[in-house]
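If you read the protein sequences in the order shown, they are chains A and B.
For what it's worth, numbering that gives the first Met the number 0 labels the leading residue of the first sequence as 0, then goes sequentially.
For what it's worth, numbering that gives the first Met the number 0 labels the leading residue of the second sequence as 0, then goes sequentially.
Just so you know, the hints here were simulated from the structure itself, not pulled from any lab data.
Treat the hints with care, as some may be off.
Said to hold, decoys possible - Straight-line distance between alpha carbons at most 20 Å, and here's what the computed EDC-like set of lysine to aspartate or glutamate pairs gives: (1) B/Lys203 x A/Asp84; (2) B/Lys203 x A/Asp225; (3) B/Lys203 x A/Glu41.
Just so we're clear, the structure is a prediction, and the values are computed from it rather than from any experiment.
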Amino acid sequence: MKQVFKRPESMTDKLFHFCPGCHHGIVHRLVAEAIDHFAVREKTIGVASVGCSVFLYDYFAVDVIEAPHGRAAAVATGTKRVLQDHVVFTYQGDGDLAAIGTAEVIHAANRGDNITVIFVNNGIYGMTGGQMAPTTLLGQRSTTSPYGRENRRDGYPIKMTEMLAALEGPSLVSRVAVNTPGNVKKARKVIRQAFQMQLEGKGFSFVEVLSTCPTNWGMTPQAANDRIAEEMIPYFPLGTLKQKDVIDVL
Amino acid sequence: MSSPKKVFTKGNEAIAMAAINAGCHYYFGYPITPQNEIPEYMAEHLPAVGGEFLQAESEIASINMLLGAAATGVRAMTSSSGPGISLMQEGFSYFAGNELPAVVVNMSRQGPGLGGINATQGDYFQSVKGGGHGDYKLIVLAPHTGQELYDLTIKAFELAEKYRMLTLVLGDAILGQIKEPIVPWIPQKTAGDPDRDWVISGAKGRAPRKITSLFLADGEMEKHNWHLQEKYERLERDDVMFEEVDTEDAELVVVAFGSVARIVKSAIAQVREAGMKVGLLRPITLFPFPRQAMLKLGGRTKRYLVAEMNTGQMVEDVRLSLPGDCQVDFYGRPGGSVPTPEDLFAVISENYSKLEMGK
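Between the sequences and the hints, there should be enough to build the whole structure, so can you do that?
Below is the structure:
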């Protein structure tokens, strides 16, 4: 009998600690599948960020460096400058990447550092208990925007993909979602492309993945999943905004 | 045999030269006066040895790039001055928690705030008492000449690797900018050891590794803290460095580090000529502080004068180290004012005369 589905080799056999309905598990898997696809597990180094994804090293069967909050892109830059033939990726949430780590990711992107950044945007600080994030939508309630995010006080949800696409350095800048089987398929392809860019030495690749946080959104997994299509995608449109030429082997 | 070749060079360049000769091929930094000759030298010379020089967008990025490089087991460094070092303190704490070796140079300048670009020793507390969050130490080396800047930079890489700790070379604007002859040399060991069991190199044919400072399981964090403490105790036992000058018969011992110690040496030569029995104890490792040496010295010499270019920082460690019956006075010049040998001659003489009166 032919086995048609299994755990990627780049993943460990450990149960996720993520809440029911959280998309981190799916995104983890897609990243692991990309690493498997190119058979680079043994030369891949993950850089974990601070937030729910800090436990990257529990789930990925690769070497992992844990970065201070927001600094993953700078840490990855340092690692990649030494191990230039290795694959280096960061996995960061929206608080980590789009608030405290904005400078680090913009400059890594602008230098075209040959790393891959996976940016999981769920519009809230998950691990610390549901505070307002730079990507929290207008009107969205959080523990630090209890009456809803208001642009005059809090500014607007920040669009990192659009910002980074304006730079010369990146090879790939794309926003995907994993809320439907179709979107998972598209996300799988884009994440693979991001790793391919790095393997071909084309420079900084960036994939934003819209993600749920049912616990801190105060929603059921189903309602949280629906919210991606109803509220997040209209503000954070999906698509690849920048892509350097690549041989399509996918 | 020909005599060793001397080169005439700035302190900052001596550090950069020593680092490259010690096998440091990775440098990450951000411009700040008075240490710019270090990144400039690195930018010019690292490509020739196949290394990487990278100008970061901030000192926060510099220290984290250094962290990413250090995790691979290579020799790497950054340098800055007070305001930039403040920004790096977060990273210092992570280096301590992660147990990663690397070298940082602080060519300190006036503070607080933007301060000024002249030399002070106002960063002593920041260097030896932590600075970042958590219960940790750095190895802190305090050179006082161009040659020592060179020698201690090499030593800094060796100690960093021996203890898996960040080693800080604490100089100041005087030491960084002064130009003097030094004799460069190349140490026997000039590379990190890629076979160490913590090095991040890709999980090829072995179990994956992680570099982390996160310990959430019950009791794990305390265990980690005691493990770090054990290293700090080992450092104090095995790798304290200090210099004693004319202390054998001294009735008054001046304690000073870095560029002040150098000025004190000139002053002591003068007071000795004037017949005063004065010596110098110069801590070379500020952490580990030469506590045992001070305790021993305090058994026979009872009067001390601590001279610093600040309002009184190392003096606290001197008081903590000496036996309770020792008298410790302080002479400080903060804010970029540098004492002359004559200033120190005057203050040492005055202090010494109190000693004579007490007899």
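We went through each hint and held it up to the structure:
In summary, the hint linking B/Lys203 to A/Asp84 is supported, as the alpha carbons are separated by about 13 Å, within the 20 Å threshold. Taking the CA atoms of B/Lys203 and A/Asp225, the gap is near 41 Å; set against the 20 Å cutoff, the hint is violated. A distance of roughly 4 Å separates the Cα atoms of B/Lys203 and A/Glu41; the hinted pair therefore holds under the 20 Å criterion.
Violation of the numbered hints given earlier is confined to hint 2; every other hint is satisfied by the structure.
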